[in-house]
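Asks: Sequential numbering from 70 applies to the sequence shown in my numbering.
EDC-like mimics (lysine to aspartate or glutamate), calculated; alpha carbons at most 20 angstroms apart, straight line:
| no. | residue 1 | residue 2 |
| --- | --- | --- |
| 1 | Lys147 | Asp223 |
| 2 | Lys110 | Asp79 |
| 3 | Lys78 | Asp98 |
| 4 | Lys216 | Asp261 |
| 5 | Lys251 | Glu211 |
So the derived label-pair ranges between C-beta atoms look like this:
| no. | residue 1 | residue 2 | range |
| --- | --- | --- | --- |
| 6 | Asp98 | Gln205 | 37 to 43 angstroms |
| 7 | Lys280 | Ala134 | 32 to 38 angstroms |
| 8 | Ser217 | Asp106 | 36 to 42 angstroms |
| 9 | Lys273 | His224 | 21 to 27 angstroms |
| 10 | His224 | Pro114 | 38 to 44 angstroms |
| 11 | Val201 | Asp126 | 40 to 46 angstroms |
| 12 | Asp204 | Asp156 | 28 to 34 angstroms |
Think of the hints as simulated: they come from the structure by calculation, not from any bench.
The C-beta atom is built at its ideal place from N, Cα and C for all residues, glycine as well.
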Amino acid sequence: MSQGTLYLKDFPRAILPRALVNHYKINVDVVADASEDAVFKKDFPMGRVPTFVGPNDYILHEVIAVNPFLVHLTKDEKVIKTLLGADYKEECQVLKWISLCNSDFFMTVADIFYEYIDRFPYHQDIVDRGLVQIDQITEMFEAGLKKSKYLVNDHITLADLFCITEWAFCLQHCFGPEWREKHPLIVNWVLDVIKSPIIKDEYKDFTLAEKTFEPTKK
Numbered sequence: 070m071s072q073g074t075l076y077l078k079d080f081p082r083a084i085l086p087r088a089l090v091n092h093y094k095i096n097v098d099v100v101a102d103a104s105e106d107a108v109f110k111k112d113f114p115m116g117r118v119p120t121f122v123g124p125n126d127y128i129l130h131e132v133i134a135v136n137p138f139l140v141h142l143t144k145d146e147k148v149i150k151t152l153l154g155a156d157y158k159e160e161c162q163v164l165k166w167i168s169l170c171n172s173d174f175f176m177t178v179a180d181i182f183y184e185y186i187d188r189f190p191y192h193q194d195i196v197d198r199g200l201v202q203i204d205q206i207t208e209m210f211e212a213g214l215k216k217s218k219y220l221v222n223d224h225i226t227l228a229d230l231f232c233i234t235e236w237a238f239c240l241q242h243c244f245g246p247e248w249r250e251k252h253p254l255i256v257n258w259v260l261d262v263i264k265s266p267i268i269k270d271e272y273k274d275f276t277l278a279e280k281t282f283e284p285t286k287k
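Using the sequences and the hints, build the whole thing.
Replies: Spelled out as structure tokens, the structure:
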């Protein structure tokens, strides 16, 4: 019996939920493109994905909540402790990296990227502030990866699996050879984690950007 319905879209934040369901064979129904689903559009007009709807009107949205929930649906204590943390300190470290990446990092990247592809009007101040913040967060990730092989400890956790979905987007669409040459620690970490059995099927056709995005005033 299905444990609920998971609504997704073609977006980086949907990659890990889909990968978790597929790899661990979690018994949930998956709507791959929620934007085309009439029920989803009616019940969730903001269109936020991923969204999970379970029995007894249990509704969960926001990727920071949905991914750990899916891990718990595996009902495998070893998997849960490995991915979410063996104790409260590791659990908090996992959440720290996911929150930093999902908000301060990726939202800033998205603002600049949308200007780069002309979806947003160009604003020099947004670009300038954003590039500074991206550099600062890059330094934070590099500092973390110098302390241990992965973000939290020496094995892959949910922090790595989630964060690389957004960093991989950047390496594929935003950060060209010059950027990658300056940040080998980030590049090698991403290329390592995307080979994880949990998520590797999502990156069969992964390529690297030929140049760094540079929004310009039109």
